[in-house]
Amino acid sequence: MPILSIKKLTKSFGGLMAVSNVNIEMEKGELIGLIGPNGAGKTTVFNLLTGIYEPSSGTITFYKDGVGKEIQGLKPHAICKEGVARTFQNIRLFKDLTVLDNVRIAMHKNVKYGLLSSFLHLPSYYREEKEIVEKCIELLKVFNLEHKKNEYAKNLPYGEQRRLEIVRAMATDPKLLLLDEPAAGMNPAESQKLTELIAWLRKEFDLSILLIEHDMSVVMKICERIYVLDHGMVIANGAPEEIKSNRRVIEAYLGEDVNNA
Amino acid sequence: MKKVLESSVTKKIISLSLTFVIVQILIYVNIINSYLQATLATICINIILAVSLNLITGFTGQFSLGHAGFMSIGAYVCAIITMRMSTIQGFILGVLLGAIAAAIVGFLVGLPTLRLQGDYLAIATLGMSEIIRVIFLNMKITNGAAGLSPIPQFVNWPWLFVFTAGTVLLISNFLKSSHGRACISIREDEIAAEAMGINATKYKVIAFTVGAFCAGIAGAVYASYFYFIKPDLFGFLKSIDVLVIVVLGGLGSISGSILAAILLSLISTYLQSFAELRMVLYALILIIIMIFRPQGLMGSKEISLSMFNNLGNRLTFKKGRT
Ligand SMILES: Nc1ncnc2c1ncn2[C@@H]1O[C@H](COP(=O)(O)OP(=O)(O)OP(=O)(O)O)[C@@H](O)[C@H]1O
Ligand SMILES: [Mg+2]
Chain A
177 MPILSIKKLT
187 KSFGGLMAVS
197 NVNIEMEKGE
207 LIGLIGPNGA
217 GKTTVFNLLT
227 GIYEPSSGTI
237 TFYKDGVGKE
247 IQGLKPHAIC
257 KEGVARTFQN
267 IRLFKDLTVL
277 DNVRIAMHKN
287 VKYGLLSSFL
297 HLPSYYREEK
307 EIVEKCIELL
317 KVFNLEHKKN
327 EYAKNLPYGE
337 QRRLEIVRAM
347 ATDPKLLLLD
357 EPAAGMNPAE
367 SQKLTELIAW
377 LRKEFDLSIL
387 LIEHDMSVVM
397 KICERIYVLD
407 HGMVIANGAP
417 EEIKSNRRVI
427 EAYLGEDVNN
437 A
Chain B
358 MKKVLESSVT
368 KKIISLSLTF
378 VIVQILIYVN
388 IINSYLQATL
398 ATICINIILA
408 VSLNLITGFT
418 GQFSLGHAGF
428 MSIGAYVCAI
438 ITMRMSTIQG
448 FILGVLLGAI
458 AAAIVGFLVG
468 LPTLRLQGDY
478 LAIATLGMSE
488 IIRVIFLNMK
498 ITNGAAGLSP
508 IPQFVNWPWL
518 FVFTAGTVLL
528 ISNFLKSSHG
538 RACISIREDE
548 IAAEAMGINA
558 TKYKVIAFTV
568 GAFCAGIAGA
578 VYASYFYFIK
588 PDLFGFLKSI
598 DVLVIVVLGG
608 LGSISGSILA
618 AILLSLISTY
628 LQSFAELRMV
638 LYALILIIIM
648 IFRPQGLMGS
658 KEISLSMFNN
668 LGNRLTFKKG
678 RT
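In order, the protein sequences belong to chains A and B.
Numbering-wise, the numbering used here comes out as the position in the first sequence, counting from 1, plus 176.
Numbering-wise, the numbering used here comes out as the position in the second sequence, counting from 1, plus 357.
Worth flagging that the hints you see were computed from the coordinates, not collected in a lab.
Don't take each hint at face value.
Here are some, though not all, of the chain B residues that point toward chain A, as calculated from beta-carbon distances under 8 Å [what the hints assert, rightly or not]:
(1) 527
(2) 536
(3) 538
(4) 553
(5) 555
(6) 629
(7) 630
(8) 633
(9) 656
Chain B residues, not near chain A, derived (Cβ > 12 Å throughout) [claimed, not checked]:
(10) 381
(11) 504
(12) 558
(13) 563
Source: prediction; values computed, not measured.
Every residue gets a Cβ at the ideal spot worked out from N, C-alpha and C, and that includes glycine.
Using the sequences and the hints, build the whole thing.
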């Protein structure tokens, strides 16, 4: 069963083709890597997928229970409501809010009590707020951040901020999770742990994951398929073994990263 | 019993009733004389204005310079109604319709303008409030530049208390809800908020509409207490006045807004006897506070009863050791 189908996706900024004619097919439950040198257009693909940019042309179809819906051009919040969540490469937490609030905000789309209840704090407010906090704590526990729930997000160490970004995305209850360099800036041990966590998440929450990562060891280890972008174009896609030995990929990377992995 | 006393709702009720009763007694024994009562009314009206503008600017992060416009709508609607229906029912109807009219205008103006960012929004809201002023200046029913008077006076301390406490409670409740957090997340990072499923436009418009509604209440209370209104009272400077209170108290702090509203209302009342010096001193005080506390008196923190508890605990702890 497919979950995502990107067809001829193109985005140009003035004269620059940041993404050009990209096709990506993803099956439900897959963990796919999206790699490529700096400026290849990886983050731009995520921004197109989540509605932050509107594509110049092309279609993005998101499938729920086998039923497809074109989501290109929808507002980001609407795409999130469809079940696509993401993290940001350049961490965009709500810095001056607590860890708990960061996660609670992401649960907003499933909150049922209305404005009246929020002004008057009717029983439905107390009931649901309690549930929200419980759910947040549960999620924070999974990521070992529960003891930091009252800390301001900006005060967390870098690695924990990256993890909180994932918790926040998970709190929106996504079907498709987009991770933009989640291990960036982490030390090898942290990065190793995160890799295991991502693999575990996918199973536990029945997710499909699209992962951008510079650290080849991470991608090669957990992704079953990899798409390689260069200058906005897909230059290769396939299993990690095929990608490693692909001549165009080696050229794009000047050989080093891929061989070291 | 202890549990009941400790629940935040009970605490709120106790501290609010205490405030009400103490002020009522002070009025009764004439410590708060009729001159000070006018100051009290100014304080309450400024609290309503500041807290509601804080919702828009401090919590949702939308820079608005149009609060006086919304206030004037509430004032005129209430004045026009009570001048034709001089009963308490007429007054209540006037406040309600005044607030609703302000909210409707807020909604209609907010829908297109809240797509604008920062400075552009400030200019658009400023323009809107000037347009409203010019409309009131040229309408027959509002009596043009001469304004309306005498407006039947219904507002006394109990009414001031109901509207002020009501506004503060509703807005602080809202901010502690998921919908309120949605507003705050827009201030923090609009793109991230959208990506987490928050409809930014919707929540900006909600904050704007609620803020306008409350400003309408403030205007209605003003008209009914001071029994005279004219368009000039609701000019650009009035919006700036409210903004100054909000910034001084701290963007994103309800208790800060309340504190600053009290402080600035008192200062400007007492400076009234130094007419020439007044604006200079006022400006000077602001500059000094902004140099030493640029985040405002409270930053984005709130005064809470538990703060006093903690302080109390620390003091008793120290005593116990010595
Ligand atoms: N908003 C924008 N306006 C103009 N150019 C942009 C914009 N966003 C991205 N670009 C350009 O598009 C190209 C692709 O950028 P993108 O951020 O998608 O690369 P990336 O593959 O994520 O790189 P990195 O590995 O460094 O994160 C770059 O040349 C970038 O400068
Ligand atoms: Mg990138």
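Against the structure, the hints:
1. 527: 5 Å, holds
2. 536: Because about 5 Å separates residue 536 of chain B from the closest Cβ in chain A, which is inside the 8 Å limit, the hint holds.
3. 538: For residue 538 of chain B, the interface hint holds, since the closest Cβ of chain A sits about 5 Å away, which is under 8 Å.
4. 553: 4 Å, holds
5. 555: 6 Å, holds
6. 629: Violated. Min distance 37 Å.
7. 630: Cβ of residue 630 of chain B sits 42 Å from chain A, so the hint is violated.
8. 633: 42 Å, violated
9. 656: 10 Å, violated
10. 381: Check passes; 26 Å lies beyond 12 Å.
11. 504: 33 Å, holds
12. 558: 8 Å, violated
13. 563: Contrary to the label, residue 563 of chain B does not stay out of reach of chain A, its closest Cβ about 7 Å off (not over 12 Å).
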